[in-house]
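Participant: Sequence:
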Amino acid sequence: MIRSKLVIFSFQGNSYTATCDKVLELATLLTNKGDHQMSLDLLSLILLNYPNDPEILNISGKVCMKLNITDIAVKLFSKALTLDNENIDYYVDLADVYIALCNYQEAIVLLSEALNKQSDKYVLYPKLAYCNYMQGDYKNYCESLQTRCLKKQSCANIKTLGQLGLRFLAAEWVTSIGHLAIIDLYVKMKLLGWQRDEKTIILTHPIYPVANLCYLNYWRKYLPAVISDPVLLDYLSPVTICLEQHQHVFSFHDGSLIDIYPGCSVIQKHWESEKRPPLLALSDDDTEKGWNCLVSLGVPRNSWFVAIHVREGKYDGDRSVRNSKLSSYIHAINTITSRGGWVIRMGDSSMKPLPNIPCVIDYCRSPHKSDWMDVFLWAECRFFIGTSSGPAQVPPTFGVPCVLTNWSPPGVVHCYSQDIYIPKLFWSVCKNRLLTFSEALSSPVSYTESRSYLYSKRVEIVDNSSDEINDLVLEMLDRLEGGNNYSPEDLQLIEQFKNIEEQFNRYTYTKEGAYAQIGISFLRKYKQLLD
Numbered sequence: 022m023i024r025s026k027l028v029i030f031s032f033q034g035n036s037y038t039a040t041c042d043k044v045l046e047l048a049t050l051l052t053n054k055g056d057h058q059m060s061l062d063l064l065s066l067i068l069l070n071y072p073n074d075p076e077i078l079n080i081s082g083k084v085c086m087k088l089n090i091t092d093i094a095v096k097l098f099s100k101a102l103t104l105d106n107e108n109i110d111y112y113v114d115l116a117d118v119y120i121a122l123c124n125y126q127e128a129i130v131l132l133s134e135a136l137n138k139q140s141d142k143y144v145l146y147p148k149l150a151y152c153n154y155m156q157g158d159y160k161n162y163c164e165s166l167q168t169r170c171l172k173k174q175s176c177a178n179i180k181t182l183g184q185l186g187l188r189f190l191a192a193e194w195v196t197s198i199g200h201l202a203i204i205d206l207y208v209k210m211k212l213l214g215w216q217r218d219e220k221t222i223i224l225t226h227p228i229y230p231v232a233n234l235c236y237l238n239y240w241r242k243y244l245p246a247v248i249s250d251p252v253l254l255d256y257l258s259p260v261t262i263c264l265e266q267h268q269h270v271f272s273f274h275d276g277s278l279i280d281i282y283p284g285c286s287v288i289q290k291h292w293e294s295e296k297r298p299p300l301l302a303l304s305d306d307d308t309e310k311g312w313n314c315l316v317s318l319g320v321p322r323n324s325w326f327v328a329i330h331v332r333e334g335k336y337d338g339d340r341s342v343r344n345s346k347l348s349s350y351i352h353a354i355n356t357i358t359s360r361g362g363w364v365i366r367m368g369d370s371s372m373k374p375l376p377n378i379p380c381v382i383d384y385c386r387s388p389h390k391s392d393w394m395d396v397f398l399w400a401e402c403r404f405f406i407g408t409s410s411g412p413a414q415v416p417p418t419f420g421v422p423c424v425l426t427n428w429s430p431p432g433v434v435h436c437y438s439q440d441i442y443i444p445k446l447f448w449s450v451c452k453n454r455l456l457t458f459s460e461a462l463s464s465p466v467s468y469t470e471s472r473s474y475l476y477s478k479r480v481e482i483v484d485n486s487s488d489e490i491n492d493l494v495l496e497m498l499d500r501l502e503g504g505n506n507y508s509p510e511d512l513q514l515i516e517q518f519k520n521i522e523e524q525f526n527r528y529t530y531t532k533e534g535a536y537a538q539i540g541i542s543f544l545r546k547y548k549q550l551l552d
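Just so we're aligned, residue 22 is where the sequence shown starts under my numbering, counting upward by one.
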């Protein structure tokens, strides 16, 4: 056996003799400890003696990925898969490399082949959906996620788990702030009577920390049961995996499925049509603590303020199309402060500092930042300025309106009708002009976050200008101050845009669902794109 063959190797300046198996164990240990280069050196030694072992090839590929040597990783994973094309993990590992390289089409082929061999490998469906999403393929994105739900429903029926009367919200619901906020629509769906009468349990896990524990606790009024013990989670996993309510597909009481974007829109439309109030309200304790904190930061008690969050460089890479430049918001910030308001900038300490501006607090970089203070700012601000990022999902759950700027992908429309937004636009290099709204919304470019995909289609994304952002803020201020009477020409532009959304938007069905309204100054400026 070659694995029992003795090899001589060097480690920390000393020479050793051991079997290939023992060297492999050491390489694995070093990988787990983070010493990837030493691990790769040892694996290379084993490969010289054992060049056709798919397991060793695959382990070596994983180490190369951690060292960002992707070209070698592709060769190693590919050879491992050629030698053993029945191992599903080899398909997944090679697909992960292609995803890292933004080669989503190759990843789709591999993941599809893996699912043909093992269709109950549930973890593959979201990977496949992600690849389709990054290519703007809405149809196959939905089909992948709905197939996973149907297979889990079938599993639950076979095991008669439906009799338990339970539904589980897994870690994907709590690990990011935007996902936590979607609990709002899930609860509304239950209160509208559109789900089976089941007790919902939220699952958390130390490996996947809750994005904001204070905000999660606000939802305990509606979903009181939370399981966080790792041992109990592992014990329950055979049940929870079949009874999970996945975030990107809503399951109705009749067993029908609808994906998240039109689902949220339809739920919110019915909620608003019945004139039901927001589900959340800030507690008296958090209100008092929050104002005490603002006073300590120099904000006079009971002043009005606007919270702002601009997604930026922490999210570099292929999905950076949702990022924006903070500098383009200074004009709007000055407009707010000139009207007597304060501006509180939210985010985290990694964000670029704001310039010193009177009546502006760079809260996210201050020692006062905390989960409960974040919740206070979302719930107590007069309105929220955001981009297409998680924090913009939270204020509407407290009934606070949003000014949504640089919205991207523009095909994914926000579902709260109290909000107003302006999307990023697309410049076609081939046509040497902006794409019209119809061209954009009928194309995959409006449904992808992938810069590499846009580049392959010779399309450049166009951020909102400083004046466009300021105009949208002025529109919200006028709304809140009782003004903003739209002219007949304005209403006609809005109706034209609604008709285009209804005809071409693949996510939101305007007749059936609620949605944010596009800014009127933006429509006036780009009315030629309505053609």
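In case anyone wonders, no lab produced these hints; they're calculated from the structure. Please note that the accuracy of each hint is not assured.
[Stated by the list, open to error] Label pairs and their calculated CB-CB ranges:
id	residue 1	residue 2	range
1	519	352	45 to 53 Å
2	479	298	30 to 38 Å
3	477	134	21 to 29 Å
4	87	230	21 to 29 Å
5	321	259	55 to 63 Å
6	487	340	38 to 46 Å
7	88	322	25 to 33 Å
8	104	450	40 to 48 Å
9	243	273	14 to 22 Å
10	352	103	53 to 61 Å
[As the list claims (entries may be wrong)] Using 20 Å as the maximum straight-line C-alpha spacing, the simulated DMTMM-like pairs for lysine to aspartate or glutamate come out as follows:
id	residue 1	residue 2
11	96	127
12	220	193
13	142	92
14	242	255
15	209	193
16	548	511
17	519	502
18	519	293
19	390	309
20	142	117
C-beta atoms are modelled at their ideal positions from N, C-alpha and C, and glycine is treated no differently.
Participant: A separate judgement is required for each hint: does it hold in the structure or not?
Facilitator: The hints, checked one at a time:
Checked against the hint of 45 to 53 Å, the C-beta distance between residue 519 and residue 352 comes to roughly 28 Å, which is inconsistent with it. Restraint check, residue 479 to residue 298: a C-beta distance of roughly 48 Å breaks the suggested window 30 to 38 Å. Take residue 477 and residue 134: their Cβ atoms lie about 23 Å apart, and the range 21 to 29 Å holds. Range check, residue 87 to residue 230: Cβ separation about 22 Å, and the 21 to 29 Å hint holds.
At about 57 Å, the CB distance of residue 321 to residue 259 agrees with the hint of 55 to 63 Å. Checked against the hint of 38 to 46 Å, the pair residue 487 and residue 340 fails, with Cβ atoms roughly 24 Å apart. A hinted range of 25 to 33 Å is violated for the C-beta pair residue 88 and residue 322, which are about 54 Å apart. Separated by about 43 Å at the C-beta atoms, residue 104 and residue 450 satisfy the suggested range of 40 to 48 Å.
Between residue 243 and residue 273 the beta carbons are some 18 Å apart, a value that agrees with the proposed interval 14 to 22 Å. Here the CB-CB span from residue 352 to residue 103 is close to 58 Å, well matched to the stated 53 to 61 Å. Taking the CA atoms of residue 96 and residue 127, the gap is about 14 Å. The hint holds against a cut of 20 Å. With a C-alpha separation of about 19 Å, the suggested pairing of residue 220 with residue 193 holds against the 20 Å cut-off.
Taking the CA atoms of residue 142 and residue 92, the gap is about 27 Å. The hint is violated against a cut of 20 Å. Restraint check for residue 242 and residue 255: not satisfied, since their Cα atoms lie roughly 26 Å apart, outside the 20 Å limit. For the suggested pair residue 209 and residue 193, the alpha carbons sit about 19 Å apart, so the restraint of at most 20 Å is met. About 10 Å separates the Cα atoms of residue 548 and residue 511, which keeps this hinted pair within 20 Å; it holds.
For the hint linking residue 519 to residue 502, the alpha-carbon distance of about 25 Å lies beyond 20 Å, and the restraint is violated. For the given pair, residue 519 sits about 19 Å from residue 293 by alpha-carbon distance, which is consistent with the 20 Å threshold. At most 20 Å may separate the alpha-carbon atoms for a hinted pair to count; residue 390 and residue 309 meet this at roughly 16 Å. This hinted pair checks out: residue 142 and residue 117 have alpha carbons roughly 16 Å apart, not beyond 20 Å.
Violated hints, in rising order: 1, 2, 6, 7, 13, 14, 17; the structure is consistent with all others.
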